[in-house]
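Undergrad: In case you want the letters, here they are:
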Amino acid sequence: MTELNPALPRATKKWKKTLRLYSQQKSLFFMILPWMIFTFIFNYLPLTGWIMAFQNFRPGKGYWKSPFVGFDQFAFLFREQGFWRAFRNTLAMSTMNLVFGFVFAIGFALLLNEIKNTYFKRTVQTISYLPHFLSWIIVCGLISNILSTSDGAFNNLLMWLGIIDKPILWLGEPKYFWWIVAFANVWKETGWNSIIYLAAMSSIDTSLYEACEIDGGNRYRKMWHITLPGIRPTILVLLIMNLGFILNAGFEVQYLFGRGLVMDVSETIDIFVLKYGITLGNYSLATAAGIFKSVISIFMIVTTNYLSGKIEDERLF
Amino acid sequence: MDKRRLSRICSFILISCLIPISAACVKNPPMNRATGQATSTPMDTGSYIDEDTGLTPMPDAHNPITFKIFIRDPSAAPSKSNPVLRKITELTGVTIEYEFLVGDLAQKQGVMIASEDYPDAIFAEANKFIDAGAFIPLEDKLPNYPNLYAHYSPFADDMTYIDGHQYILEIYSVTLNAAPLFEPTGPGFFIQKAVLEDAGYPIPRTLDEYFQLIENYKAKYPEIDGIKTIGFEILCDGWRDFCLRNPPQHLMGAGNDGDAYVDPITFKASLYQISDTAKDYYRKLNEVYHKGLIEAETFTQNYDQYISRLSSGAVLGFFDQGWNFIPAHNVLEAEKKYNRTYIAVPIANPGVKDSYLDAPSGSIPGNNGIGITKKCKDPDRLLAFYDWLLQEDVQNYLQWGIEGRDYIQLSGGGKVFTETRRKIQNDDATKRDLTGYILWNYSPKRQGLYENGEPCGPDDSADEYLMSMSDYDRSFLKKYGIKYPAQLLSDPVERPAYYPLWAMSLGDGSAASVAANKVVETCRKYYPRLILSAPDEFDRLWQEFVTEIQNGNPQPYLDEINRRIAEIMNRNR
Amino acid sequence: MIASKKKFKLGSIEPIVFRTVNTIIMLIVIVVMLYPFWNTVAVSLNNPQDTLKGGITLFPRIFSTYNYETVFKNRLLLIASVNSVLRTGISTILGVIVAAMIAYVLSRPEFLWRKFATRYFLVTMYVSAGLIPNYFLIRDLGMINDFSVYILPGLVSVFNVIVVRSYIKSLPSSLFEAAFIDGVGHFRCFLLIAMPCSKPVLATVALWCAVGAWNSWFDTFIYCSSDENLTTLQYEMMKMLAAAMSSSSRSGDAIYQAGQAASNMVTPVSIRAAITVVAAVPILVVYPFLQKYFVKGVMIGSVKE
Chain A
1 MTELNPALPR
11 ATKKWKKTLR
21 LYSQQKSLFF
31 MILPWMIFTF
41 IFNYLPLTGW
51 IMAFQNFRPG
61 KGYWKSPFVG
71 FDQFAFLFRE
81 QGFWRAFRNT
91 LAMSTMNLVF
101 GFVFAIGFAL
111 LLNEIKNTYF
121 KRTVQTISYL
131 PHFLSWIIVC
141 GLISNILSTS
151 DGAFNNLLMW
161 LGIIDKPILW
171 LGEPKYFWWI
181 VAFANVWKET
191 GWNSIIYLAA
201 MSSIDTSLYE
211 ACEIDGGNRY
221 RKMWHITLPG
231 IRPTILVLLI
241 MNLGFILNAG
251 FEVQYLFGRG
261 LVMDVSETID
271 IFVLKYGITL
281 GNYSLATAAG
291 IFKSVISIFM
301 IVTTNYLSGK
311 IEDERLF
Chain B
1 MDKRRLSRIC
11 SFILISCLIP
21 ISAACVKNPP
31 MNRATGQATS
41 TPMDTGSYID
51 EDTGLTPMPD
61 AHNPITFKIF
71 IRDPSAAPSK
81 SNPVLRKITE
91 LTGVTIEYEF
101 LVGDLAQKQG
111 VMIASEDYPD
121 AIFAEANKFI
131 DAGAFIPLED
141 KLPNYPNLYA
151 HYSPFADDMT
161 YIDGHQYILE
171 IYSVTLNAAP
181 LFEPTGPGFF
191 IQKAVLEDAG
201 YPIPRTLDEY
211 FQLIENYKAK
221 YPEIDGIKTI
231 GFEILCDGWR
241 DFCLRNPPQH
251 LMGAGNDGDA
261 YVDPITFKAS
271 LYQISDTAKD
281 YYRKLNEVYH
291 KGLIEAETFT
301 QNYDQYISRL
311 SSGAVLGFFD
321 QGWNFIPAHN
331 VLEAEKKYNR
341 TYIAVPIANP
351 GVKDSYLDAP
361 SGSIPGNNGI
371 GITKKCKDPD
381 RLLAFYDWLL
391 QEDVQNYLQW
401 GIEGRDYIQL
411 SGGGKVFTET
421 RRKIQNDDAT
431 KRDLTGYILW
441 NYSPKRQGLY
451 ENGEPCGPDD
461 SADEYLMSMS
471 DYDRSFLKKY
481 GIKYPAQLLS
491 DPVERPAYYP
501 LWAMSLGDGS
511 AASVAANKVV
521 ETCRKYYPRL
531 ILSAPDEFDR
541 LWQEFVTEIQ
551 NGNPQPYLDE
561 INRRIAEIMN
571 RNR
Chain C
1 MIASKKKFKL
11 GSIEPIVFRT
21 VNTIIMLIVI
31 VVMLYPFWNT
41 VAVSLNNPQD
51 TLKGGITLFP
61 RIFSTYNYET
71 VFKNRLLLIA
81 SVNSVLRTGI
91 STILGVIVAA
101 MIAYVLSRPE
111 FLWRKFATRY
121 FLVTMYVSAG
131 LIPNYFLIRD
141 LGMINDFSVY
151 ILPGLVSVFN
161 VIVVRSYIKS
171 LPSSLFEAAF
181 IDGVGHFRCF
191 LLIAMPCSKP
201 VLATVALWCA
211 VGAWNSWFDT
221 FIYCSSDENL
231 TTLQYEMMKM
241 LAAAMSSSSR
251 SGDAIYQAGQ
261 AASNMVTPVS
271 IRAAITVVAA
281 VPILVVYPFL
291 QKYFVKGVMI
301 GSVKE
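Residue numbers (the numbering used here), protein chains in the order written: chain A, 1 to 317; chain B, 1 to 573; chain C, 1 to 305.
Honestly, I wouldn't trust all of these hints.
Going by beta-carbon spacing under 10 Å, a handful of chain B positions derived as facing chain C [claimed, not checked]:
#, residue
1, Asp73
2, Phe100
3, Ser311
4, Val331
5, Glu335
Simulated pairs of lysine to aspartate or glutamate, DMTMM-like, Cα-Cα distance not exceeding 25 Å [stated by the list, open to error]:
#, chain 1, residue 1, chain 2, residue 2
6, C, Lys169, A, Asp205
7, B, Lys108, A, Glu252
8, B, Lys431, B, Asp387
9, B, Lys423, B, Asp471
Think of the hints as simulated: they come from the structure by calculation, not from any bench. Glycine included, each C-beta is placed from N, C-alpha and C at the ideal position.
The task is simple: from the sequences and hints, build the whole structure.
TA: As structure tokens, then:
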């Protein structure tokens, strides 16, 4: 058929070549196309619902009858002082969570990796992720007991050590709030988060360690020059992906600890959306906030991915 | 070869993932799966009377039908083997399947309304469903059902929605003859009975008197049972922080209205949050905080910690609503520390009459009940069922049970439970699974007193109430010359038709609801600071607070409720 | 890192010092991390009324199995457990296979759509339509009150795909090249080389899938709450918790529930503790089988071949 058209011999050639390439890879396509369609159905199709963000959506009316309001919902968000405060708090808390989360999980995995006794290692590892299975409400309850001013363990300890002379109302002071949230996250998730690093470490070729030992490298050198580089791709990938979640600082801890005294620092975007969107039945506002978060997320991963490619020569996409 | 295998495996995976989709597409939505047990005994209509209960079955009892009802409360459905419910099904053919709320109500409602996937009936935030056109109007149907009609017609005005239709079968307090209030289950300044006992049984009426009593007692007993005495607690946990925010409206002599004070004469709403009463109240709290009556920790503790404090018996006073601290009360009673339990006292501004109790016979909100959806498979059957339930002997059966076995008829006309039944009644699980409580509670029902003065149910029965009172309480109340704790407060007040504000729907995402939210948030943020501030800082901080309230522009909220109040008051004139 | 400077001074004692310090750190970790769960167990075994008074730390004050009896009395527990096990099993197996399959394709440098497909998947991680549009989709697919709603919507987890992909990429490329030269196709390469060599990360992903599926209740709440036969363990647990909460606070209405309040035995704190333990135990039992893959590592042997 193509031969009948002498005007496009080159294009035809290219076309043929492409076709050949595609046919060579048809098994790859076969493995991935169904899932791309699948993802399209479950993840992209519902995005038509983003139309709500430009409406005054009422569940009773549906997409077609709800009035369009243009960018009013976004305008409400961006004009609202509380939203920007929530934005700041979210950024601060998720940055702290990110830093502490990575440092503690990786540090813990490194130390655990040094333990030679398998049973001890497995026991420690099992226990370390137990807090992950507790709901925030339980963990927060325990924390507020520990931080209590009346016979709370933490105040007692500090007083016994002579660091303070009267109990401090930890949960009532805005300046401690972000730290408490970060600590709570570390407590609950360090063990769980370290699992992926342990898995990555287990794939490091042992011959590298042997070689290092022959060169006279000690434990710390092995950690620094073999183990850490070994899990570096994992760290980077997780870091980039998690930077995309920078506006998801969660809301449960902040909600559970967020009393009036610390409200200025405790409210996150999710809480703001809960209060002014979902609870008031304003789905349009919630959707608008969701779109805002998506835009920031994608901006974040594109940037970090670019930087990571420049600096570390490791890209996510 | 390889490719064949590959494609086979691959298509297997594909198919395995597609089969459920296609299957699901073809499958019809689950339909009317009536699970009512077909009663084996064929029933004659009319003449037949059930032997166990003495009740007359419904005419179409042989025709089983199941209704699904969504209930906005988090609770558990009664067991399938519940004998009372089985009997009711046997006599009516009707099975009610309850779906109680588990997660977040707003989300569940949003999804239900958006998708129009409704069960047969719904008890939730009615206005949202009415606005979405989910419910069917009932005003033309109700006259066909004599019991329902007699029950609701006195409240027809309250029940009529702004569009002129009636949609909701209100389920609470639909009564003309209310039983006396025994115990304030609503708001109040509570004080430990031991404090009053120690001071010689006075009745404090102002904040000054109230805190003076507490201060004196704390000075005298710095420790109670080895625990440091706490003068006054303020619960600030999440939505329960009405303990922090609500007192000023009560001091001004209002009931538990909502987030604004409504003048009883002009019916104009204003923000009590920034009134002089509020300023004086929080200044008073500031003063007693610096006297050591309030622990700063009260502003950070959660509900569990609050309950644990209260149940230690070392807390002398607090502002709360009766139902909110029941768990602590139960612990104290179980440990027989009756003098450490609490009683509400009539605190109000000097010269103002306290108004904590609502007179039950006034009016009904009109949206606090069951709506029948347009997806209901047989609305008439459901209404007929509710009509049948409203018969006095059915109500008796649901609430009291069977005479001799569950309750004893007293000579004076009252009823009391038997010991066994009272035990069942006192444990929520057995009450749910062995009695008709859930069906009764979530259906149109009779509350208060019948015309002959007999109590409709145990909650309305003075005899039953007094049966379970401790000796300590009896003699404590005797000192005041009263029979019930509620009598320490002024008589219940009949409320105007718009009452209460909190039940008014402000419209989803409306400017009014945003404004109301902001008022609450600002109070939440400032009140604890005001209480903890240095006394000479108080005025400045108060000014800052008032400015922030005004900057948040509460006007849309006030305008909206003023409009709604005027609307309702004009209609009911 | 300070210790590395001391190396010359300390010489051969260094390993002992390190090991001691490390062991001490790990013991502290054990204490700190075990406490919350231990405390939850203690609360769950304490008399519920007594728990209200607070102050339970390491051991029950008044021993009681009432909380567990309440949990196990639930008539839907059996069917809920079956559903939970099924959904967890199926989601985990399919989830791992799918993630690995997509990851393998995305890790092939020669794949023509590599960049596009990676981005295509990646974006879905950061955009979400929200509750109502998702509900519409599920309804239009006919998956309301259908078991498939537990499996399909979450089947492709992009996070897992990326994690597996980065692991596969870190495998020596010689592994695959050798296979291709031998004429092995992509699918076999995936099944016989990529999958076995990625056991540690697949075990991790399996754990994530399993715990995610096991712990989820929101989909039951939104999509399947009106069909008791599709209830799940976590949903039943949430129901019990809700019931316990409702009896301790009858809020809102202008109810005149005068008279004695029902002295309910069940309290939210105790029920929450009991259901936490009940829900966590199955995971703890299964865990060691997965744990061996990432604590020990299985990779090395296959690389050397």
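Undergrad: Take the hints in turn and mark each one as holding or not.
TA: Evaluated hints:
1. Asp73: Check passed: Cβ of Asp73 of chain B comes within 6 Å of chain C, closer than 10 Å.
2. Phe100: Phe100 of chain B check passes; min Cβ-Cβ to chain C is 7 Å, inside 10 Å.
3. Ser311: holds, 5 Å
4. Val331: Hint on Val331 of chain B: holds, closest Cβ of chain C at ~5 Å, below 10 Å.
5. Glu335: holds, 9 Å
6. C:Lys169 - A:Asp205: Holds. Lys169 of chain C to Asp205 of chain A sits at ~15 Å (cutoff 25 Å).
7. B:Lys108 - A:Glu252: holds, 19 Å
8. B:Lys431 - B:Asp387: Holds: Lys431 of chain B and Asp387 of chain B sit about 24 Å apart, inside 25 Å.
9. B:Lys423 - B:Asp471: Distance of about 19 Å is within 25 Å: holds.
Hint compliance for this structure: no hint is broken.
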